[in-house]
Amino acid sequence: MIEALDMGKHAFYVWGSYGVTLLFMLVEVILLTTKKKSLIKSITRQIRLNRE
Amino acid sequence: MKYFTKAYWLQLSSPKTFYPVAGKWIPLFWVATIVLSLIGLYYGFFVAPEDYQMKDSYRIMFIHVPTAWLSMWIYIVMCIYAIIGLVWRTRLSNMMAASLAPTGALFTFLALWTGALWGKPTWGTYWVWDARLTSELILLFLYFGFMALRAAIDDPQRAARASALLAMVGVINLPIIYFSVKWWNTLHQPMTVDATGKATLPEAALISMLIMTFALWAYTFAVSFMRVRNEIIENEKGSAWVTEMMGPKK
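The listed protein sequences derive, respectively, from chains D and Y.
Under my numbering, the residue at position 9 of the first sequence is numbered 9, and the numbers go up by one with no gaps.
Under my numbering, the residue at position 42 of the second sequence is numbered 42, and the numbers go up by one with no gaps.
Be a bit skeptical, because a hint or two may be false.
[To be verified] Chain Y stretches covered by chain D per the calculated footprint, using a threshold of three residues with CB under 8 Å from any CB of chain D:
1. 112-118
2. 140-150
3. 235-247
[Said to hold, decoys possible] Taking lysine-lysine and the DSS-like style, the derived pairs with C-alpha atoms no more than 27 Å apart in a straight line are:
4. Y:K55 / D:K41
5. Y:K120 / D:K9
6. Y:K16 / Y:K6
7. Y:K182 / Y:K120
8. Y:K55 / Y:K182
9. D:K35 / Y:K237
10. Y:K24 / Y:K237
11. D:K37 / Y:K120
Rather than coming from a laboratory, the hints here were simulated on the basis of the structure.
All of these numbers come straight from a predicted model, not from anything done at the bench.
Just so you know, even glycine gets a beta-carbon here, dropped at the ideal spot from N, CA and C.
Whenever a hint applies, use it, and build me the whole structure from the sequences.
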């Protein structure tokens, strides 16, 4: 299994491609979840303020 | 079956109805993304044989080709939503167009990035100003322009209209990207797989590319639904249904 993942002298190019792709996709998801949390927080606070 | 009635699909175009529906679909798209990626990567790394000319660097194709395809497809879908929003003034379609743009830009960047890392060991250079690479770079700027224009105009209706016009003009770039390797003498090689189904790669490599493309589609649905849900509650935060949904439970 492991030998199949040995990219020889192309390791930098292959893993650089897959690594950056995975990293950016993860960053996108993290940004979206953080944004969702902050939106919910500010909206619920606004609702509470309006009730008072 | 409610799914076969026109009323069901019409009411889905309202942000209020779409919000919970999108929420239900997101986990399914995540499962699809993970399962398909694992299968696609398995085919790409363990089944597909090493290329005798390009050696292992050709495995970059299994991520490069899907990101490049998606960068163009997302643009088309984004543009269709923008046009629907322009013609029928539906808020949800404008929000969907806006939600697709960042992911489209991401895939365009990744297509350029993985292309550069493939080009270095194969052509001996990261970048050349040939027709394929340049038109793909223009696509990236079109996405940025679309997002910047929306962000720059305060009135959401006007922002949607202006950015829809930009997106429509930019469609001209898509056939240029697609046919560039046929129309001009480019350093970029001819299409690995073209629309007529002719292919120049081993079967396992093609399977990998295809499954990775579906995986990225599932990813695109998952993140754009997450983003559109954010857009919906941000745009409708004063409305009764958002207040009811997020307010303290009685």
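Problem - Violations among the numbered hints, reported as their numbers in ascending order - result: As far as the earlier hints go, 2, 4 and 11 are violated by this structure, in ascending order.
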